[in-house]
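Asker: Go ahead and model the full structure; you've got the sequences and the hints to work with.
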Amino acid sequence: ECEQALQHLKKALSEPPVLSRPNDEEVLYLYLAVASEAVSAALIRETTEGQKLVYFTSKALQGP
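So our numbering is basically just the index in the sequence shown, starting at one, shifted up by 1064.
Mixed in with the good hints, there may be bad ones.
Said to hold, decoys possible - Derived DEER-like restraints, expressed as beta-carbon distance ranges: (1) Q1068 to D1088: 29 to 37 Å; (2) V1098 to L1077: 14 to 22 Å; (3) E1079 to A1102: 20 to 28 Å; (4) N1087 to G1127: 37 to 45 Å; (5) T1121 to E1067: 17 to 25 Å; (6) E1067 to D1088: 33 to 41 Å.
Since the hints were derived computationally from the structure, they do not count as laboratory data.
Glycine included, C-beta positions come from ideal geometry on N, C-alpha and C.
Answerer: Quick look at the structure:
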């Protein structure tokens, strides 16, 4: 399930338009993914066409 979600996110990030602008009164959702190798966050807004990405960031973690 996690791998499927990651592949879906990669596909969504590779298709234009990648980022969308939120409206002032729109509800935004923050998705977080944490693993021993990386931390990622995606800010999403819900539209009639589905979820649209507002912002995405990821940081690789270094071992001890």
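Asker: A separate judgement is required for each hint: does it hold in the structure or not?
Answerer: Hints, verified against the model:
no., hint, in the structure
1, Q1068 to D1088: 29 to 37 Å, "34 Å, holds"
2, V1098 to L1077: 14 to 22 Å, "19 Å, holds"
3, E1079 to A1102: 20 to 28 Å, "22 Å, holds"
4, N1087 to G1127: 37 to 45 Å, "42 Å, holds"
5, T1121 to E1067: 17 to 25 Å, "21 Å, holds"
6, E1067 to D1088: 33 to 41 Å, "36 Å, holds"
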